[in-house]
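A.B. asks: Single-letter residue listing:
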Amino acid sequence: MSSSPPATTASPGHYRLAVASRCVAAIVGGYVVSALCAALLALLLPLVRVEAVLASTMLSFAIYTVIVMWAFYEASLRRVWMALAGASAALGILTYLLSSAVGAST
Amino acid sequence: MIPPFLIALCANYAGLVCLSLSMDRHHEQVLGNRPAANWAVLLRVGGWSLMLVAAAICVAHWGFSVGFFGVWGGALSLAAFLYVFALPYAPRLAAGLAVSGPALLVLGLLQAAIANSTTG
Amino acid sequence: MKSEDKGFQGGFRQSMAWLHTWTGLCVCWLLFAIFLTGTLSFYRDEINVWMKPELHGSQADEQTAQRALDRMALLAPKATNWSIGLPNEREPAVSVSWREPGAAQGRAGAKRAMLDAGTGEVVEARETRGGDFLYRFHFELYGFDRLAARMLVGAATMIMLVGLVTGVVTHKKIFKDFFTFRPRKGQRSWLDAHNATAVLALPFHLMITYSGLLLLMYSLMPWGMQAAYPDGRDGFFAELRGGGRPAENAQANREGGGREGGRGGRREAEQEVAVALTPIAPLLAQASARWGGMPVGNINVERPGTARAVIELRALHGDSLVDRGAVDTMKFDGVTGAPLTPADPRTVSATRGFYNSLSSLHMIHFAGPVLRMLFFVAGLIGTAMVATGAVLWVVKRAPERLKLGHTPRGHRLVEMLNVAAIAGLPLAVGAYFWANRLIPADMVTRSDWEIRSFFIVWALTLVHAVLRPHARAWIEQLLLAAALLVLAPVLNAATSDSHLFASLLAGRWSLVGVEVVQIATGAGLGYIAWRVARFKPPQKASRRSAASSSKAVESRSRLATTAESAS
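Residue numbers (our numbering), protein chains in the order written: chain X, 313 to 418; chain S, 3 to 122; chain P, 10 to 576.
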């Protein structure tokens, strides 16, 4: 459980900023992605609608956990942000398309 | 009348003691030497069997969901907690208490047999 | 650079350890409070009873149910329905509620009273929130906006889940160290204690954390239902409730609606003659026999005193997890006592069974005394896990402080918050119990003052932790908390008609249980205080003895080798 930063050449101020940025990415970005996963899976899971919502919502917390862990493992902060932004965009578009298709069919 | 929970708790405790004694560190801690290889295997098998019997008792008495996840799991945690925090202070006593497991199992069986013979 | 292609803090394990340490530190005090008050909530009914000494003399017997029904006929002859909670091993008195004709829907329209089980008389118990306050606090805190507080608790719970998973992947030898606890070894002991309390009850910790999230999930993660239902939340819940137990629910709704409408109009004009209810004892015996000995917990009477009265008996608790603690029920004709056709058996899908299992495990409405005790112990182990984690953070940094020769401001802050949370909260709970007996029973808004006493004392523990040296703060608060808890049964004996030995002789196990746990917890806290006070940092033996250790640092590192107290 090392508390000190690993030996890098970066200044302490820069290190702190990077940690803060990573926290925001993990907490906010992770939430957005898992929320979108919940929404998309609620539409996609081959279950009765109520059940699909229950299952996807329950699953989303596991997804959130994995995302947070990954966000604090991935070495490159830029890649963390890129991946989360990319995933959000892709999931968001898919959810939007699917929900409008579902809305049109009902 | 022995409460089934007590039997399950003691059987779980005995099972955990057997498992711990199959490990070099704890065998040495309690008995002063390392276990022979086949003895360790025997302890491991015995430990798991005792815990399985405890699980069977819980499921028979409380039904599957409550008995297995609730009572058996809880009794296992409680037994492990008592054992782990007693072991460094009184290793022989902590391990010796495992005798209660098989003893209560036998008593419970006798009791069930007597109950059967009087009713049947 | 080589570290570039590894991870954020070196390897995977190091990164996860970093995440575990710092997320844990951020929420450990809140989590400790949630865990402790939540654990106490397993015995919420018992605490309620303890905090209403007026009910302690209530003694149930064979005639209690009949007595309660007779009393209801006097108390609420015109009511449209009666609900009677029979005494059980957790609650000695009868709790009744009823609805007058035209009363508002929901909880607001119900009138309530407590009856003495032995005499049927109405008991005027003191106004108190009792254990319900601790229960509410553990997921809604107090004085905040309800939704915001639930979000905050939900966020802490989410971090707890991350903490559990990262803790497991960080643990180097989870199986090899499974049975290992090494006392009197400073930091090593604290780490062992933290690991043991986490690993030995890990299934419970995972279950209680994840199910806690699930209970809050409609607030925390509403996006699934927003996406799948055009009208979002409302549509989802309509389908969820409608689909759960269709027959029974629809019937109940129809009955309710019919009752409200019928009362005001035609039926009122018919001038129904008062018809006595059938004796209850044979019905109770029938129901209990059918449920394999499970006692009746509740009696509901629809349209009491009329020819169309229906008596519904509900079992004390369920026997399966998957239907969310749903209990068996039986209905009888209120006048003839003839059984009515039973409702369709419940069926539960896999997804819903999973959700129900977890949420009913969290709330354990169904649990008998054994399971309740096990969950209480597991909850205490979880509370100890959070506490040892918080202390470990401080202990681990003792060498750093020794090297610096002073305590950095951040370390001092953690120290103070640790004291105020870990020693301060039990102290505040003890004060809450004392306030319950010391505030006059007939004072107006006394229940608010009980809660205020709790928070005032808790705030004072923080002030005390700031003003006193670290080790002294621990010792003093732990001792005071120990004294309050050990003496709580004495206070009960002095201020009410009941005491521990009387409860023991009368077999009032809920009261005996509360007081025994108070004494045991107090004794445990006293023991920890004694260990902290007795501890001398092993300076001579330490290789760092040459380092200039100020007195403050010495007293702080005292805590280092008192890990055994966690047991």
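Hints are computed from structural coordinates only; laboratory data are not their basis.
Keep in mind that the hints are not guaranteed to be accurate.
In silico contact screen, one side only, chain S against chain P (beta carbon under 7 Å); selected entries [as the list claims (entries may be wrong)]: (1) SER22; (2) PRO37; (3) SER67; (4) PHE70; (5) GLY75; (6) GLY76.
C-beta atoms are modelled at their ideal positions from N, C-alpha and C, and glycine is treated no differently.
A.B. asks: So, for every hint listed, does it hold in this structure?
C.D. replies: These are the hints, each one checked on the structure:
1. For S:SER22, the suggested interface contact is upheld, since its CB lies about 4 Å from the closest CB of chain P, less than 7 Å.
2. Here the hint on S:PRO37 is broken, as its CB sits about 14 Å from the closest CB of chain P, past 7 Å.
3. Interface restraint check: S:SER67 against chain P, minimum CB-CB distance 4 Å, threshold 7 Å, status holds.
4. For S:PHE70, the interface hint is violated, the least distance from its beta-carbon to any beta-carbon of chain P being 10 Å, above 7 Å.
5. The closest approach between the C-beta of S:GLY75 and any C-beta of chain P is roughly 5 Å, which is under the 7 Å cut-off, so the hint is satisfied.
6. Proximity of S:GLY76 to chain P holds as hinted, the smallest CB-CB distance being about 3 Å (cut-off 7 Å).
Violated hints, listed in ascending order, are 2, 4; each of the other numbered hints is respected by the structure.
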